[in-house]
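Asker: The primary structure of each chain is shown beneath.
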Amino acid sequence: MAKTKKIIGSIVSHIFLALLVVIWLVPILWLVVTAFSGYPGINKAHFFPTSWSLDNFKKIFLHPDSVVQYMTWFKNTLVIAIFTCIISTIFVLMVSYAFSCMRFKGRKKIMTFSLILNMFPGVLSMIAVYFVMKSIGLTNSHLGMIIVYSAGSGLGYLIVKGFMDTIPASLREAAKVEGASEFTIFIKVVIPLCKPIIVYQIISSFLIPWGDFVLAKLMLNSGISSDWTVAIGLYNMLNRSLVNNYFSVFCAGGLLVSIPISILFIIMQKYYVEGVTGGSVKG
Amino acid sequence: MKKKFLALAMATTLVAGCLTGCGKDEKKNDSSSSSGTTGSNSGVNQEAVDNLISATEGTVSLTVWASEEDQDFTQGLIDDFKKEYPDITFDIKLGACSEADAKDTVLTDIEAAADVFTFADDQMNELVNAGALQEVVSTYTYDVKAETLAGAVEAASMDGKLYAYPMTADNGYFLYYDKSVFSDSDVETLDKMLEVAGAAGKQVAMEVSGAWYNYSFFKGAGYDVTLNDDGVTNSCTWNADGATDVAQAIIDIGKSSAFVNANDADIVTGVTEGKIAAAVSGTWNADTIKAAWGDNYAATKLPTYTVAGKQVQMASFSGYKLIGVNSHSKNVGWAMILAEFLTNEENQVARFNARSLGPANANAAASSDVQSNPAIAALAKQADYAVPQRVGGNYWEPANTLGLTLISGNPDGTDLQTLLDNAVEGITAPVQ
Amino acid sequence: MKEEKKNPFKAMGRGFANFFKGIGRYFADFGKAVVKGDAGVKCSLLFMGAGYTFKGQWLKGIFVTLIEIAFIIMCIFYAAPNLAKFGTLGTVQREAVFDPLTMQQTVNDYDNSFLILLNSIIALFIIVCFILFYIYNIKACYELQKQKEFGQHIETNKENVKSIVGNKFHLTLLSLPTLGIILMNVIPIFVLIAIAFTNYDQNHMPPNKLLDWVGFSNFKKLFTEGMGNYFGYAFKKILGWTLTWAVLATLTTFIGGILLAMLINKKTTKLPKMWRSLFIVAIAVPQFVTLLLVRNFFGDQGIVNTICSNIGFTDWLKSIGLVSSHLNYIPFLTDPHWAKFMIVIINIWVGIPYQMLIATGVLMNIPTDQLESARIDGASKWKIFWKITMPYVLFIQGPALITDFVKNINNFNVIYLLTQDVYITPDQALANANAKEVDLLVTWLFRLTNEYYNYKMASVIGIIVFIICAVFTIISFSKLIAGDREEEYQ
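In the order they appear, the protein sequences are chains A, B and C. Using my numbering, read the first sequence as starting at 159 and increasing by one per residue. Using my numbering, read the second sequence as starting at 65 and increasing by one per residue. Using my numbering, read the third sequence as starting at 1194 and increasing by one per residue.
These are calculated hints, taken from the structure and not from any lab test. A hint or two may mislead.
[What the hints assert, rightly or not] Simulated pairs of lysine to aspartate or glutamate, EDC-like, Cα-Cα distance not exceeding 20 Å:
#1 B:K225 x C:D1292
#2 C:K1402 x B:D173
#3 B:K394 x C:E1288
#4 C:K1361 x A:E432
#5 A:K164 x C:E1565
#6 C:K1402 x B:E199
#7 C:K1402 x B:E175
#8 A:K375 x C:D1614
#9 C:K1361 x A:E331
#10 A:K292 x B:D136
#11 A:K263 x C:D1222
#12 A:K334 x C:E1352
#13 A:K292 x B:E175
#14 C:K1402 x B:D168
#15 A:K375 x B:D173
#16 A:K375 x B:D165
#17 C:K1355 x A:E336
#18 B:K146 x B:E409
#19 C:K1459 x A:D223
#20 B:K319 x C:D1508
#21 B:K157 x A:D223
#22 A:K375 x B:D168
#23 A:K263 x C:E1336
#24 A:K217 x B:D136
[As the list claims (entries may be wrong)] Partial pick of chain A residues on the chain C-facing surface, computed with a CB cut under 8 Å:
#25 L175
#26 L189
#27 G196
#28 G199
#29 I200
#30 A203
#31 F206
#32 T208
#33 W210
#34 V281
#35 V306
#36 L313
#37 S339
#38 V415
#39 S416
Just so it is clear, CB atoms sit at the ideal spot from N, CA and C, and this is done for glycine as well.
Please model the complete structure; the sequences and the hints are all you need to start from.
Answerer: Below you can see the structure in the form of structure tokens.
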């Protein structure tokens, strides 16, 4: 009796899960089917397109025009994302090690101060950032974008520092007794133990350039569309004069971005969960 | 150090003052010559162009912004331009920036904006006010004022000074209708249209909750919004005596089940779905609507509507696309010549042939090819009731809200006069 | 410890008192170092490296002196010309004269108020940093002198270099990130604060026009109402909604994430990894793509509306009065109440997968012995959830919850992408302040700058947002950082 009840309960919860998954995936499904739509505008009345075609993908891969330069954008974004995630990961690890493993005067004050700074929304400071970058001649350059995305990343140390706090101090003490410098301890002892959180950090910083259209649009303002990132390019297709001809291309482009990201996420899931919770166990 | 600086500053002001003086004289001469005593070559000044060519050394770098759809066409014109002046080495970059929001990009950082850019005429006052546009004090290869439609020149001018080169005259709105539903006489009045559409189970669409469109009702009945001399704030008479009749008229229109308040995207969907049989919109949707209605595709001026029992013709904002020269350009001279080249008669005709964009050049616009394009012909008909868009930034949100409230049937039952008073207060509010 | 918890403000007050005492001590120490210092210390007042060089640390001495020289050069060529105009923000307006005959443009040597402002702030920042460094340097030289007097070992040049990766390693680690943060965060914040005291708006746009200082008048505008000023009214309304939204968004996604994680983690659930991955797919698509899709999905003439009206749901909602009778669609994103409701719902859709991932990890670490004993005692599932699971998760996730709350206050993407170009406010007073019911402070601010170039009001709002966020952060983290928890674990 109890067993059948259990089985029924299990079936019910599976059905419920499946229902949730459907809700969560409906918009994604719409994205997928619209990407294969033969009608270029927004199909507002039907869920599934009335005609199917591969034209949108052909346009993206084979016939780029001035509006759709997807491959160039993809390459730009990839370069920016790779450098951004390298620099920000290094910065965050450096800051976290300093705060977590070293003791110096004013440490807690600096930590509180940087936490507060980190709360400052980027939207507010955008225009000032733009002019700072312009005065050093780095607007409209991908180097500038990398700097903009990664320079302030040191402030996001909280989770990584939390993770490092869980590494027993005795390991570091032992290394120190053997005469290792702080630098050696950092590279040889602490970093290898931080693998999950490093993966977490890499994923989160890698994703930034793919989703940002506000800052990127401001910084890359020369109008030369081959300089754009995927986000600006796609967002641009929603312009009033373009949307009726490019909405399905927009969907195809959105779909293509999300495939590598999804795979990255799913493979790294374990590390992500371990990393973020290892860190947040401590806050 | 300080003294030196002061002296320098004084010197520059003196020079500037002198130059302004000279400039003024120059302009006087110019206007007197163009007023027709000599009559010859009023807008053409080959001598100045020759001066410029001989004074030019090295490469001339220019950036041009055109809308995404126009990239290929504009690139062709730029190549032609280079051929036109073979002695000069040009480095002309073409960037994409939609006309509808050129202002946003330009005003964020004028110095970084393109030397020559296209924009919709509604952004004129803000661009001029921020000093982004180079005044067209003189023309060199053709006479802009004489060869262009009067409305377009007006739209490109502020306080009688020309600030931009009109490129197209097709950015306003008018009425699209499906000939299989409406006859030519049906589309004369909105009442009749709603009646016919209701009977046929179709809808008439207009974005009444959009300030750009709902202006049409008030202006049609004689209530206006105008820009003040400061170039930023508005004057508005929408709460004057009798304006409540207009408000009531909009409420009545909204009550009709055959009327739908739909934005641009919804209009396109409605038309392709076959629900909407008539819509107030602009040329940017012409291709989509034509594809949906086929041979029944037709366009005309806006209909009349009923205010307190009388038929009133709906007015509209006229719309032009203009080419401006950045006042911070390092090569103002060449930028002006390029802007003239991009807007001369020949290239306006070419633009119409390639992209179906209605020319602002008077000769080009009068050609039979252009006149036989239904959308452009409809715009020409509406032109008698259209005014250039000269409103300050505070117009939009309050007027959006007013339109929404009225077309929703004034759900809170607010006194109409109060409603209008509040909207006018917002529209005329100073920039805070 | 307990007292501190109960009264964070008292603790803060004490903090301030200590802070000022600290400043007093700081300068007293400096004075003492100057007075009691030997020739080396006194020479350092002029040549900063002298103190070190006299004690044999010539490498450090040269390095410090180079910094001093660089600073002096910066002062002459960068700080002085900009700071000279900082008081007025420039006096020469741009005048350009175009000669129609030669087609050449002559522009006067004009002042760009914004650049003066920006450069002055950078210069001031460098100057303050230098002064601190200067004082530190004198004190360090004095310390060195004392060490010598007491016959202690003085670091050699070699040891100095070694300390870069040794006991001074934190400085090495922090230097580059700090430089980045100063460039990207600190300077922009100061610029923003400065703009709040100027008249930078559509009537005064550099480079063609000059800016002026206007004192507190922008702040006054935001906190008062009437006389054609709607900012006070709009500010109150938007602040209210911002806080409501932040609470709702944080709680719904947090609880939803835990429930979903528990459902997937249940022993009876087959293929937990697959379920998790399916939810992850939903967040792997960039937010601006999914949110714009969802916006069209719920448009007035969108798919959901088509379906709802086909199955009669729209009419049913009309009959119970949730949709006003003159509409033939559900105003998902166009009616103030519906839009707020939908935004929260859509945010649940966006936020739960993230929270689910985090909750999964937290739940894995839950102490199983407690759960077992509760189960043996015959506690019901709900009781276990509320009495054991939730308190544990709250304990672990508490600080993260506050971070989420602050992030939601600044949740630009969700609100902007869902309502931009779609939502029109029916409230005339809000419209007159260029605001909408669904705006958060950040989106309002963004639209003020992006569409109305009203930088001065946007800056004031920005400062307010910053203060709100800072207060929440301080309250939540004073416990975390001030406490000894981090030592506990190591």
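Asker: Return the numbers of the hints above that this structure violates; sort them in rising order.
Answerer: 4, 10, 19, 27, 28, 31, 32, 33
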